[in-house]
Amino acid sequence: MDFLTTVTSSGLIQQFLVGLSRTTILFVVASGLSLVLGVLRIPNVAHGSLYMLGAFLCYSFATLFGKNPIGFWVAIVMAPLGVALISLAAERGLFCRLYDREHLMLLLFTFALMLLCRDIVKMIWGAEYRSLAPPVVLQGSLSILDLPFPKYNFFLLSIGPFVALALWFLTQRTKIGKIARAAAVDRDMVSAVGINVSWVFASVFVIGCFLAGLGGALVAPTQNIAQGMDHTIIMESFLIVIAGGLGNVWGALLGALIFGLTDSMGILVWPQFSIVFPYAIVVIVLIFRPKGLLRATW
Amino acid sequence: MLQVEGIHTFYGSSHILFGVSLTVSRGEIVCLLGRNGAGKSTTMKSIIGLTPPRQGVIKFKSEDIARAKPYIIARMGIGFVPDDRRVFFDLTVDENLEISERKIAGTDAWNRERVYEFFQPLKHIRSRKAGFLSGGEQQMLTIARALVTNPELLLLDEPTEGLAPIIVDMLEQRILALRDAGLTILLAEQNQKTALGLSDRGYILDNGVIKYHGTIKELQENEEIIRKYLLV
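Residue numbers (the working numbering), protein chains in the order written: chain D, 276 to 573; chain P, 17 to 248.
Hints were generated in silico from the structure; no laboratory data involved. These numbers were taken from a predicted model, which means no experiment stands behind them. One thing to keep in mind: the hints can contain errors.
Computed spacing ranges between beta-carbons, pair by pair [claimed, not checked]:
#1 P:123 - D:566: 45 to 55 Å
#2 D:412 - P:123: 51 to 61 Å
#3 D:450 - P:123: 50 to 60 Å
Glycine is no exception: its CB is placed at the ideal position from the N, C-alpha and C atoms.
For reference, chain D alone in the conformation it holds in the complex (with noise of 0.2 Å):
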């Protein structure tokens, strides 16, 4: 095991936080799917083209404030947003009427909004790469132990743990997030005592959507804005969400924990084959427990 010790401390500690970072942007966007699959039991294939829009509307509003020093700052916030009301016209014109269908129908109907969406980027914004700098205050990089970590990354960092606060305090506290736990298990019992389900439905498929254009937007100025990311995000997402735990939001984050961290330490390890790891743990994982980590609402 002589790797280990070319490895130094620092660099470990800096590799962590890269994990860890990537991490913040799989579970912003992995718990969005969580959620929409556990309360409205919609495997939405759709959600990474949500996160794909996410990042070029991000990019776009970033460009048309760009003169601005808030730009990017605005851009944030509006490009969730934007996703959001897409996805708000979405349920109440096609959703809505889909619930009680077979999962399959969901499956193929989410595939081909995904393929829509695919060819509406593609349209909107052409088929060449874009990027996006982030804003001046979180450029460059602070030095960690000798070694430097680039500023937004610890902005990242910074907003983990507040979306997870966000979203124990909606589904714990908030009477939505109790409805909504209710209607994940009895939505026939929920609708019996007098709640229009199909209003908690869309609220909580807005939301989904919402972390989905929040995970893209947070993700723009790292890497390259491109058709094909909503592919890669989309296959990691439903992959930690099965690992955690189908519909179990806090399943997604343990998840997104596992899988983020095996990615980045994977490097340390063995280089040629690190893209191996994080699935390979989501496969052992899986055979320990077919059902995910933690509960499942399935």
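Following the hints, position chain P against chain D.
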């Protein structure tokens, strides 16, 4: 208050109810008797809109509700207590009541406090998850949950099923207290003793068809009917 006229209800392609008709007037307790699988629960679910009938009319306070959504029917004033209880397992007792509560004006409105007074055992377990309650406690909770929606008509589907005799006695007392508090009740029961002891009138359902209808006194005197449709 409630008129069910010739409803035909299906589960998928299987025909369950064949022209069921019944009426419930304000202030009455009416029971629906019949063996397992006779269609009692389906009748209840048809009224609340969970399995809407394909044919027939259901009128509540003179409005046709046969094709209305369950939440609309509930808001019009029908409370539903299902036979399999279906408490919201993941929520605490208090949260179960919180999300169901529908506030109305008036001093005799049901709110959480009044419900805790009515079912005192619930008061002490209000922060416990509903999934961890005993059968009797769950049953109290489902009735309490229906009460906080402030219904005028309560559909009680086998409230005493599977409960210890001492709990059954307590629930029977509570059901009578509900009638005294002004509620109208449609009660589906397999337990003849409970049903006959509580009700003013009864209907007997067999294989999805109403076979008999009369006052409790008439029913008790008609041994042939009881033997034919109710004894196992």
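Hints the structure fails to honour: 3
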